[in-house]
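Chemist: Chains as they are written, first to last, in UniProt numbering: chain L, 1 to 306; chain C, 1 to 353; chain W, 1 to 296.
Treat the hints as calculated values from the structure; they're not laboratory data. All the given hints hold, so there is nothing to weed out.
Straight-line C-alpha distance at most 30 Å; calculated DSSO-like pairs for lysine-lysine:
| id | chain 1 | residue 1 | chain 2 | residue 2 |
| --- | --- | --- | --- | --- |
| 1 | L | K231 | C | K210 |
| 2 | L | K135 | L | K231 |
| 3 | L | K135 | C | K210 |
| 4 | L | K135 | C | K338 |
| 5 | W | K33 | L | K135 |
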Amino acid sequence: MSLVATAGGDALIVARARERATEASRVARETSRATDAVRVADAGVPVLTLQGISLSFGGVTALDGIDLAVAKGEIRAIIGPNGAGKSSLLNVVSGLYRPDRGVVQLGSERFRHVPTARLAAVGVARTFQNLALFKGLPVLDNVVMGLVHRRRAGFVRQILSTPQARREEAEARAAAEEAITFLHLDAVKHQLAGGLPYGILKRVELARALVARPQLLLLDEPLAGVTLAEKRELAAHLRNARDAYGTTIVLIEHDIGVVMGLSDRIAVLDYGRKIADGTPDEVRSCQAVIDAYLGVAHEGETELVI
Amino acid sequence: MTTPTRSASLRWLTPNRFGLSVLLIAAFAIIPFAGSDYLLDAVLTPFLALALAALGLNLLTGYAGQVSLGSAAYLAVGAYAAYNFNLRLHGLPFLASLVAAGFVAAAVGIVFGLPSLRLRGFYLAVSTLAAQFFVQWTLTKFGWFSNNNPSGVIDAPPLAVAGLSFSGPVGRYVFSLTVVVVATLLAIRLLRSQVGRNFIALRDHEVAAKVIGVPLLRTKLLAFGVSSFLIGVAGVLWAFAYLRTVEPAGFNLDRSFEILFIIIIGGLASIRGAFLGAAFIVVFPLLLSRFGAALLDNVFDSGVLEMSQRIVIGALIIGLLIAEPRGLIALVDRVADKIRRRLFRPQPGPIRS
Amino acid sequence: MFDYQFFIEVLVGGLLSGVMYSLVAIGFVLIYKTSGVLNFAQGAMLLFAALTFVSLVERGVPFWLGAGVTLVIMVALGVTVERVVLRPLVNQSPMTLFMATLGLSYVIEGAAQLLWGTQVHGLDLGINDIPFEVGGVLISQFDLFAAVIAGALVTAFALFFRYTRTGLAFRAVADDQFAALAVGLRLSRVWAAVWTAAGIVALVAGLLWGARLGVQFSLSLVVLKALPVLVLGGFDSVAGAIVGGLLIGAIEKLAEVYVGPLFGGGIEVWAAYVVALAFLLLRPSGLFGQKLVERV
Chain L
1 MSLVATAGGD ALIVARARER ATEASRVARE TSRATDAVRV ADAGVPVLTL QGISLSFGGV
61 TALDGIDLAV AKGEIRAIIG PNGAGKSSLL NVVSGLYRPD RGVVQLGSER FRHVPTARLA
121 AVGVARTFQN LALFKGLPVL DNVVMGLVHR RRAGFVRQIL STPQARREEA EARAAAEEAI
181 TFLHLDAVKH QLAGGLPYGI LKRVELARAL VARPQLLLLD EPLAGVTLAE KRELAAHLRN
241 ARDAYGTTIV LIEHDIGVVM GLSDRIAVLD YGRKIADGTP DEVRSCQAVI DAYLGVAHEG
301 ETELVI
Chain C
1 MTTPTRSASL RWLTPNRFGL SVLLIAAFAI IPFAGSDYLL DAVLTPFLAL ALAALGLNLL
61 TGYAGQVSLG SAAYLAVGAY AAYNFNLRLH GLPFLASLVA AGFVAAAVGI VFGLPSLRLR
121 GFYLAVSTLA AQFFVQWTLT KFGWFSNNNP SGVIDAPPLA VAGLSFSGPV GRYVFSLTVV
181 VVATLLAIRL LRSQVGRNFI ALRDHEVAAK VIGVPLLRTK LLAFGVSSFL IGVAGVLWAF
241 AYLRTVEPAG FNLDRSFEIL FIIIIGGLAS IRGAFLGAAF IVVFPLLLSR FGAALLDNVF
301 DSGVLEMSQR IVIGALIIGL LIAEPRGLIA LVDRVADKIR RRLFRPQPGP IRS
Chain W
1 MFDYQFFIEV LVGGLLSGVM YSLVAIGFVL IYKTSGVLNF AQGAMLLFAA LTFVSLVERG
61 VPFWLGAGVT LVIMVALGVT VERVVLRPLV NQSPMTLFMA TLGLSYVIEG AAQLLWGTQV
121 HGLDLGINDI PFEVGGVLIS QFDLFAAVIA GALVTAFALF FRYTRTGLAF RAVADDQFAA
181 LAVGLRLSRV WAAVWTAAGI VALVAGLLWG ARLGVQFSLS LVVLKALPVL VLGGFDSVAG
241 AIVGGLLIGA IEKLAEVYVG PLFGGGIEVW AAYVVALAFL LLRPSGLFGQ KLVERV
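Full structure from sequences and hints, please.
Modeler: Have a look at this one:
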């Protein structure tokens, strides 16, 4: 009797579980549809707006009256030859450089000089061209660092391990574990960042930037210096990040080819000016872009040393 | 406490608990009875004080990446602050004086850490020398700090906590040991927390740390504060438990360098390294003088001893920086690892313990 | 009534001793510019040079021969340091290199005194330290002599690095080590030249300072006088070292005379540091240091 009952119970549980799974996938589908709807609705409100950004270093003009508007959920590439001012632009948006003129608007906040210390708090994360990881910390802790701006418990509470400190730590760890799984870094999460290969470190840095679910993600040459297979993988991760978290992505690339398939829109810089801005197809057929990349020889194809 | 998610780099914090327990039991329960007065007074007590000072400097320099050349100043501040609390506030328990002295040192450390907000690298290193010279000058110049002793010398009163006297060699050792163990545990907790990660982030990539929202100002000043707190407490031990009579000249630049050398030799950014380095700095001159006397007999006077000591320590620093920048502790770990692997190599038949 | 004459006297005295600070500081700048190392052992080298020279002279070696031999020893020492200490550390952080030179200063100080003993040696350069009067202002003859020598040396270096091939190579290396390598400059030759120059500076500064303070261990602490000068002038600027030295010299003396009494004297041990720090907080790259935009 009891045996039968148990068997019956098991069957019931299996059935329920199946039901729950279908329910979950339905909810997921609906949610994603809802997100799409939100994305469409929000498309008019730019996450990032640049108005007339100009910047020069001792007479050398790095940026010259750049305007740019990036819509929510968009993947926007900024491309241009070396020295076109791409990195300077990213540094202006993240507040590392102060523009001579112009306004940066992040969401609803307008800045003449973006306060770098508050960058994460206003929902912006970035990566760096030459990797800026904390070599002395393991991968997991590097990613946990991405949530540092949410920490409220002071050092005394942390030493005493009060409930608040413990909760914050647990939350940060859980989020970091998730980001690590998302970017397939589980195998290396306990290793020091210092000893890992470049391609993996690119993903670690991406995980650190993504862990806080930023509104806006700035990527400085995310695909540079990695193998073709890694490029494809990273591109897929970026698209997933946008689809899963609704993150708006602005990425800088030197190489025009790799961003064509990835970006929704592409802006092209040359000598500090924006010479084109449009869909990949529009940009591809734009004469000014063709000139900048192919037709006209540039002198001094070196990065602007500043 | 042990969670499966403990990170690799923090594994040293929970090195083999068994070994640590054995060490602590030996330190508390065996050495006080078995150790000679000489061992306790001339080796272990100064070792403990220096290890704590090195630990403090290691937080600042090894973990947070801010080089300081003025550690001896904070030793002095701690020593003189405790002396004055003890002298002027009657009835203040000694432990309270000790902690208060730590806080005074922390405050001084934060003031002299302020330039770190604008300066980096060599500029900061040089600016930390200001603390060294200013503190030494203040203590010599103003008699109030030494109760108007003409040369700034202070005599520490006998140690007593809650009616218990710690005045003999054993007492002073046990007192120092207790203080150092508690302070070290607190430091470990700090390093394990987010603050510890912030220190390392600051050291490894300041710009990235700023971008992701590490509060740089607070983190830097905290590093200076906590570091000088620990060094200040070490200064109290140095003055009250080890020398018992100190003068400002004893906290000179050479002392600052000595503490810096301890962490370079022992291992930057390693707590065990601070202890290993301190042990080396204390024991090495004793060994050198023994061997020197035995080998060279009459040629080996104290001048020669001091000079050869300088040469060896200087050469060791250069050698370690070239061959093993992570210090002696990395060498020890490597050797231990090798031995462990040899011992626990899969052997025929089960090994029972 | 403010005593202008006395003020000028103090000022001149300060400027003259400032030249001596500049001299030591230039030794730092030469090495810093070419190899990015803040050579803390500069003070120990100075001690080593002075001690070697004095010991030779005391053993009956003629003055100029002694100076020549000491110079050869200093150059050998410099080249050895470059080979044995700095080259193996070439890709390490500047702080690691700095710590290595701290260790090096211990080795050199120890070796100098192990070789020549620890007693204090008098050093007489044959200059009477009788003050003479110019327009009512007393000027120390020795200080003036030292300043002239230091000034001449500084000028000689400036000319050397401006007009000779090696000097050009030096500036190229200082500007961009890798680019210099790429165009085929032999770094080892430049470094040898730089360490030779640093050796000469150590010898001259050692003699001048030694004559004033006596040749003894504390001579190596002269380095501590040069550090605020470097902070003020920038680690990479020869002009900064000269102007910084003069400024620090003058400020130190003026502070000691006019501010010191308020605190019971002796403030010159830290006054220079405080001034240099205060200045740095306003201008983090020093007087003439290059302003670098951080590239990320």
